[in-house]
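A.B. asks: Residue-level listing of the chains:
There are 2 protein chains.
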Amino acid sequence: MRENSLISWLQQLDLSGQNRSAKDVLHGIGDDAAVLRTSGDIVVTTDLICDGTHFKLEECTPRQIGRKAIAVNLSDIAAMAARPTAAFVSLLLPSSFTRSMTSELMLGLIDLASEFECSVAGGDTNVWQGKLVVNVVIIGKATNRGPLLRNGAQPGDVILVTGALGGSLAGHHLNFQPRVQEALQLHEKFLLHAGMDLSDGLAMDLARICQASGCGAEIHVESLPISSAVKQLSTSRDQQFKRALGDGEDFELLIAAPEDEAARIVSDQPLNIPITAVGHFLSGSNIWLNKAGNRWPLPHIGYEHGTSVQ
Amino acid sequence: MRENSLISWLQQLDLSGQNRSAKDVLHGIGDDAAVLRTSGDIVVTTDLICDGTHFKLEECTPRQIGRKAIAVNLSDIAAMAARPTAAFVSLLLPSSFTRSMTSELMLGLIDLASEFECSVAGGDTNVWQGKLVVNVVIIGKATNRGPLLRNGAQPGDVILVTGALGGSLAGHHLNFQPRVQEALQLHEKFLLHAGMDLSDGLAMDLARICQASGCGAEIHVESLPISSAVKQLSTSRDQQFKRALGDGEDFELLIAAPEDEAARIVSDQPLNIPITAVGHFLSGSNIWLNKAGNRWPLPHIGYEHGTSVQ
Chain C
25 MRENSLISWL
35 QQLDLSGQNR
45 SAKDVLHGIG
55 DDAAVLRTSG
65 DIVVTTDLIC
75 DGTHFKLEEC
85 TPRQIGRKAI
95 AVNLSDIAAM
105 AARPTAAFVS
115 LLLPSSFTRS
125 MTSELMLGLI
135 DLASEFECSV
145 AGGDTNVWQG
155 KLVVNVVIIG
165 KATNRGPLLR
175 NGAQPGDVIL
185 VTGALGGSLA
195 GHHLNFQPRV
205 QEALQLHEKF
215 LLHAGMDLSD
225 GLAMDLARIC
235 QASGCGAEIH
245 VESLPISSAV
255 KQLSTSRDQQ
265 FKRALGDGED
275 FELLIAAPED
285 EAARIVSDQP
295 LNIPITAVGH
305 FLSGSNIWLN
315 KAGNRWPLPH
325 IGYEHGTSVQ
Chain F
25 MRENSLISWL
35 QQLDLSGQNR
45 SAKDVLHGIG
55 DDAAVLRTSG
65 DIVVTTDLIC
75 DGTHFKLEEC
85 TPRQIGRKAI
95 AVNLSDIAAM
105 AARPTAAFVS
115 LLLPSSFTRS
125 MTSELMLGLI
135 DLASEFECSV
145 AGGDTNVWQG
155 KLVVNVVIIG
165 KATNRGPLLR
175 NGAQPGDVIL
185 VTGALGGSLA
195 GHHLNFQPRV
205 QEALQLHEKF
215 LLHAGMDLSD
225 GLAMDLARIC
235 QASGCGAEIH
245 VESLPISSAV
255 KQLSTSRDQQ
265 FKRALGDGED
275 FELLIAAPED
285 EAARIVSDQP
295 LNIPITAVGH
305 FLSGSNIWLN
315 KAGNRWPLPH
325 IGYEHGTSVQ
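Top line first, the protein sequences correspond to chains C and F. One point on numbering: in our numbering, the residue at position 174 of the first sequence is 198, and numbering is uninterrupted. One point on numbering: in our numbering, the residue at position 75 of the second sequence is 99, and numbering is uninterrupted.
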C-alpha cells in the first residue's frame with residue numbers, strides 16, 4: 025500500500041481506538057511531525073530490525089515481525105525503568121509485500137504497544153527492491169525516581185537478572201515479553217544502582233554495564249538461571265552455562281543493587297517472574313567467572329548483530 | 025565498524041565538542057536510551073532514506089548521504105516551525121561499507137545537525153548483505169506560538185512558498201538547506217494559519233494541506249517561482265510549470281496566511297530567500313490551476329517514493 029493509504033488506514037485505527045491514543049499525544053499521524061505534551065525527563069530509544077539478521081521473513085509471520093520490532097524497543101524503555109508513551113515506525117517494504125501483510129505487521133506492533141499504553145504516533149513508509157526493514161523509535165517518560173542508567177553500579181553491588189537466560193533463537197526472540205512493568209515495580213519499591221536489558225548476551229552486556237560504571241564483576245556460574253530452551257538443547261551443564269552467558273536476545277533485565285536491597289528483592293520475589301542473584305560487582309575492571317570457588321576471566325563471548333565492517 | 029566501535033567513536037566526537045551537545049540532552053550515546061530534559065510541547069519526526077530510492081550510493085559521497093538523511097528530517101521540523109534538539113540515527117550498512125565511509129556519513133549528518141544546534145544523541149547500527157539504509161528521528165521543541173500544523177488553512181488564505189520549485193534531482197536534493205530558521209522567523213513575526221514542507225511536489229503536498237484543513241485551493245500557475253535547474257532543463261513555460269508543480273524534494277515551505285498578513289510578508293520579504301504568493305485557499309475541496317483567467321482541475325501529479333504495494 026502506498027504511504028497515503030497506510031496513513032489513512034492508521035488514522036482509522038486511531039478513530040476506532042485500536043491504536044490507543046495516549047493523552048500525551050496532541051497530534052499524531054498525519055502531519056509533518058507529531059506533537060507530544062511532555063514535562064520532566066523523557067527517554068528516547070531506537071532499534072532497527074531487518075530480514076535475514078533479526079528475523080527470517082520466510083520463517084515467521086508479519087504479525088510476529090511487527091511485534092518484535094516494537095518489543096525490542098520496549099525492552100530498552102524497560103532498561104531505563106521508564107514508561108513508554110509514543111512509538112514512531114519506519115517501514116521499508118519489499119515490493120512483494122502485500123497490503124494485508126503490511127496491516128498484519130502494523131497490528132502486531134500496535135497490539136503489543138497498546139498493552140503498555142503506548143500509541144503509534146507517526147512514521148515513514150517506503151517500498152523498495154530490497155528486503156524488509158522496520159525501524160522503531162519509542163519515547164517514554166522517566167518516573168519520579170528518574171531514569172535507571174548503566175553507570176551507577178558500585179563495587180559490592182549484587183548482579184540480578186530477571187527470568188531465565190539463553191536459547192532465545194528457539195522462539196523466545198519472537199514472543200518475549202518486554203520487562204516494562206517489572207522494571208517499574210523494582211525501581212519504585214527498591215533502591216537500584218544501575219540497569220540495562222540483556223540484548224547481546226549476559227557476558228557482553230555485563231561488560232558494558234561494568235565499563236559504564238567503572239567497575240569489574242564476578243559471575244557465579246552455577247547460580248545462572250537457565251532457560252528451558254537451553255535445557256532441551258544442551259545436556260552438558262557447561263554448555264548450558266555457556267549459552268546462558270553468550271546467547272543474545274534474552275531481553276531480560278540486568279540490575280545492580282546494593283547488597284541488603286538485593287537480599288530483600290531475592291527473598292521477596294516481588295515479580296511474576298523469578299529474579300536471581302548471579303554475582304556481584306568488584307572494584308577494578310576485570311570480569312571473572314566463578315565456579316565452585318575457582319575463578320577465571322570471562323571469555324569474550326556474546327552476540328553482536330551483523331558482521332564486522334572493515 | 026562494529027556497533028561498539030561506532031559508539032566509542034561518537035563518544036569521542038561528543039568529548040571534542042564536534043557533535044554539539046545540546047543542553048537538553050542529559051544522557052546521550054552509550055545507554056539503552058537517551059535522556060532529554062523537556063518542558064512544554066515537543067515535536068517528533070522520522071524519515072528513512074535508502075540506496076536506489078532517495079540516493080544512489082555510486083553517484084554520491086557518504087558525506088552527502090549523511091547530510092541528506094538529517095536534512096529531510098530537519099525540513100519536517102521546519103514544517104512545524106519548531107527548533108530541533110536531538111537526533112537519533114539508525115544505520116543499516118552494506119558489508120562493503122568501510123569504517124571511513126561510516127564516519128564520513130556520520131560527519132555529514134553531524135555537521136548539518138550542528139548548524140541547527142541539534143546533537144546526535146543515540147542510534148542503532150547494523151551490518152547486512154543488503155543496500156545502505158539510514159533512518160533518522162529528530163525531536164524538537166515548539167516555540168511559544170505552538171507548532172505550525174497542516175490543518176489551519178482557511179478559505180481566503182494566501183498560499184505562500186519559499187525559494188524556487190522543481191528540478192531537485194539536478195543536485196538540490198543532496199545539498200538543500202532545510203528552512204528551519206526561515207520557518208521560525210515567519211512564525212515569530214507573522215500570523216500563519218498552516219504550514220508544511222514540500223517533499224513530494226507542490227501539487228501533492230497542497231492536496232494534503234487542503235485535506236487536513238477541509239478546504240480547496242487555486243494555484244496561479246504563472247506566479248510559480250521556477251528554479252534555475254528547471255529553467256535549464258525545460259525551455260517550454262508549460263513544461264516548467266509542470267515540473268514546479270510535480271517535482272519532488274523541493275524541501276521549501278508551503279504556508280497558509282491570512283490575506284493581509286501574506287501581503288505584508290510578500291512586501292517585506294523578511295527572509296534571505298524569496299517568498300512568493302502562488303494562489304489562495306477556497307471553500308470546498310477542489311484544487312484548481314488558473315492561468316490567464318482560465319481554470320482547470322489540478323491533475324494528480326507528484327512524487328511518491330517507491331512503487332505501489334498490492
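For the record, the hints were derived by calculation from the structure and aren't laboratory data. Some clues are possibly wrong.
Given that identical chains are not distinguished, each listed pair holds provided it fits within a single copy or across any two copies.
Claimed, not checked - Cross-link-like lysine-lysine pairs, in silico, DSSO-like; alpha carbons within 30 angstroms at most:
hint : residue 1 : residue 2
1    : 165       : 155
2    : 266       : 155
3    : 213       : 266
4    : 80        : 213
5    : 155       : 80
6    : 266       : 255
7    : 315       : 155
8    : 155       : 47
Note that this is a predicted model, so its numbers are computed, not measured.
A.B. asks: Output the numbers, in ascending order, of every earlier hint that fails for this structure.
C.D. replies: 1, 2, 3, 4, 7, 8
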